[in-house]
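Given the structure of chain A, go ahead and fit chain B onto it with the hints provided.
Take a look at the letters that make up each chain.
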Amino acid sequence: MLKTFMAFSLCMACIGGTSAAESEREPFDDRYCTTCHGTDGRGNEGVQAPRLAGMEPWYLRRQLENFRGDIRGVHAEDREGIAMRPMATKLTDESIDDILGWISSWDYIPAEATVKGGDPLRGRDLYSGCAVCHGADATGNESLGAPALAGQNDWYLVTQLKNFLAGYRGAHPNDTYGAQMRTMVSTLRNEAGILNVVSYINSLSR
Amino acid sequence: MSKQVTRREFLNLLGAAGGTAAALKAGSALGLLPHTAQAATVDLHAANPANRKVAILGAGLSGLTVAYELSKVGYECTILESSHRPGGRIFTVRHGDLIDEIGNRQYCEFDDEPHMYFNAGAARIPSTHRNLLAYCKELKIDLEVFINENKTTFMQDSAVNGGKPIRNIDYTTHTRGFLAELLAKSLSAGEMDEPFTDAEAETLMSLIRSFGDLNEDNLYKGSLRAGYASGGFLEHGVQKDIIAMSELLKTQMGNQFLNANEGDTGPMLFQAVGGMDKIIEGFTNHVGHQIHYRSMVNAVEVKDDGIDIAYYQDGTRHLLQADFCFNCIPSHIMTGITNNFPTQYVDALKYIRRGTAYKAAFQAKERFWEKEDIYGGISWMSSPSKQIWYPSAGMHKQKGIILGAYDYIDGELHTARTQEQRIEAHLTDGEKIHPNYRNQVEKPITIAWHRMNHMLGCSARWQRDRNAWTHEEEELYHALQQPVNGRHYMIGDQVSMHSAWQESAVMSAQWAMADLNQQLLA
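Chains as they are written, first to last, in the numbering used here: chain A, 94 to 299; chain B, 1405 to 1926.
These aren't lab readings, by the way, just hints derived from the structure by calculation.
A portion of the hints provided could be inaccurate.
Below, simulated DSS-like cross-link-like pairs (lysine-lysine); rule was C-alpha separation at most 27 Å, straight line [said to hold, decoys possible]:
#	chain 1	residue 1	chain 2	residue 2
1	B	1476	B	1541
2	B	1754	A	209
3	B	1803	B	1754
4	B	1589	B	1644
5	B	1555	B	1541
6	B	1644	B	1801
7	A	255	B	1754
8	A	183	B	1801
9	B	1801	B	1836
Stretch by stretch, here's where chain A covers chain B in the computed footprint (C-beta under 8 Å, at least three residues) [stated by the list, open to error]:
#	region
10	1508-1521
11	1694-1704
Please read these numbers as outputs of a predicted model, since none were measured by experiment.
Cβ atoms here follow ideal geometry from the backbone N, Cα and C, with glycine treated the same way.
So that you can see chain A by itself, here it is in the shape it has in the complex (with noise of 0.2 Å):
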């Protein structure tokens, strides 16, 4: 107990450290992800937790900068994205730095493949918008700042599809990729789209 106990103190000292007073409590870090993103981050369809290990850091980092500046997970509807912005809020920049060193120790593993209904043919040709930014592979382009689909739950592509199409994300005025999406997501026009273009990209390996 008393080694596991010092060892989080001396995890706590690099990233902030605490009062003389604090430290006879119970210790904590902002190392929370693996709770609802899964196993090394790969993941929780339980708690509707996406991938992160294989994400790119950029992407991370712009995300959670979007949680915590209230630019994404503030509309009402945006149930996924409430659930993580209390989250993001009270991470410091040293914290994001942290976490993002941890997230890239693990190791990438293509998510399953779980979404069934949709046409790969007909999203074939759906995916050739996504693909000017996202790549014909969709492993992504980090300077055009869209990430890679390829290898994502894509139970969780399907939401946030849903979300840009619904307006629940991407709608705040600062979130300028986001926005872009919107814009390119009407070619999916509604549920049945969002499901081919999903398996589609299910069908392409990274």
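Frame of chain A, contents of chain B only:
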């Protein structure tokens, strides 16, 4: 009253009563009610020395029950607990304790005294929960009565009585009076030939009169049962004014108010003296040395000859190899942990929805409720904070801890708010019952079980329809109850048809151990 109640309607009501008896019988058949022959603890065979390593995932009540019982018969148990404390949702908060809500960490600042605690999770033990009570007896846990219903507490709804709170005793006395008068009128119409004999009809009528304290004309004209407006001891008691039925019918809170003291939460209820976690302490006195804290499981692999558990502790990955595994990790967290479970098993884990129960508590600078004749019990509000619980212990001490909000259905309503907004809402709601509430309470804490680190949910919700289990749900439930490869058991109140109770956690653990025992004998 805009509509008369007909005799036919009344007889339909009686029919519904017959239905209740049938439902109770069915409840027993489903194992919802205890059987008289139920063993309090399990009778297990001694462990086979070559096959005695047990991994227990989670130091909640079900995990500790397994550790305690299996250790008695020679198994070598290792408990991996991801948080810093044992007990899971049996969590008593005291001075200095960390409440590890993700994004809203709090330290409890209550005064450091034995009676200044808050049961943030499990808080009540029904007298019919005999398996849990048997452990309390065996582990020498002191119990005291938990006061659930108290006639001097309040109900408050802005729609009724001008928003002013009504005492439980006024609401219940008057409502019973009005209901009894209504029943008496329906039975006085000379149509009593069927289905009652004369003797039965007379008994029934006297029961109705007594139930509602009706006068000789079978009318309700108020009752001294509601207490006195003045006097009553050295002078004649003066009866209180009746609150008109038309007024009481402006609120539907009565539905909740009247059945809050039936079923599991009916008398007699108990609590552990000094906090519910004394029960956990009772177990950890025996098996506490087996617990590895801050040990987060990240893979479970069931093999032909054993089971491998990978976990992180101190930032390092460790491997625990065991012959059997009992797992009380919440289903919605288990779905994010790498495993090789069969598809239907995983489907069952994914099917369960997580509960979102929410509680808040305050330290009271003085026990202001005692000045209003309240000692223990619950006041009910129509506003989102819903309930105020007055402590069942610590009578007449200077201070006490009160529950300031309890929402067991929709905790997300509260967690959409910041800590400051949550507290402000509870103060505003509490003021409607106790006008000086805001100045009388301090040092608030909130517990949102669906936001707690390593927990992310309260009691499991198996049913999409509250009234019935579907065939598919029952199949998934039974699939999850069965062991994987005879080696891995999911346990906890989540693997019961009656989640949210400590008894269910204990019984789920006992079921799994009994199954293992039978399997090894076969």
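Tested hints:
Our distance criterion of 27 Å between C-alpha atoms is met by residue 1476 of chain B and residue 1541 of chain B, whose separation comes to about 17 Å. Taken as a hint, the residue 1754 of chain B and residue 209 of chain A pair is honoured in the structure, with Cα atoms around 16 Å apart against an allowance of 27 Å. The suggested pairing of residue 1803 of chain B with residue 1754 of chain B is violated, with an alpha-carbon distance near 45 Å, which exceeds 27 Å. Straight-line distance between C-alpha atoms of residue 1589 of chain B and residue 1644 of chain B comes to about 24 Å, which keeps the hinted pair within the 27 Å bound.
Under the criterion of a C-alpha separation no larger than 27 Å, the hint pairing residue 1555 of chain B with residue 1541 of chain B is inconsistent with the structure, at around 30 Å. With a C-alpha separation of about 31 Å, the suggested pairing of residue 1644 of chain B with residue 1801 of chain B is violated against the 27 Å cut-off. With a CA separation close to 21 Å, the supplied pair residue 255 of chain A and residue 1754 of chain B stays within the 27 Å bound. Distance check on the hinted pair: residue 183 of chain A and residue 1801 of chain B sit about 38 Å apart at the alpha-carbon level, beyond 27 Å; violated.
Using a Cα cut-off of 27 Å, the hinted pair residue 1801 of chain B and residue 1836 of chain B holds, with the two alpha carbons roughly 25 Å apart. Note: the region 1508-1521 of chain B has 3 residues with beta-carbon separation from chain A under 8 Å; the three-residue rule is met and the coverage holds. Beta-carbon proximity to chain A at under 8 Å applies to 5 residues in the region 1694-1704 of chain B; the threshold of 3 is reached and the given coverage holds.
Checked against the numbered hints listed earlier, the structure breaks hints 3, 5, 6 and 8; every other hint is satisfied.
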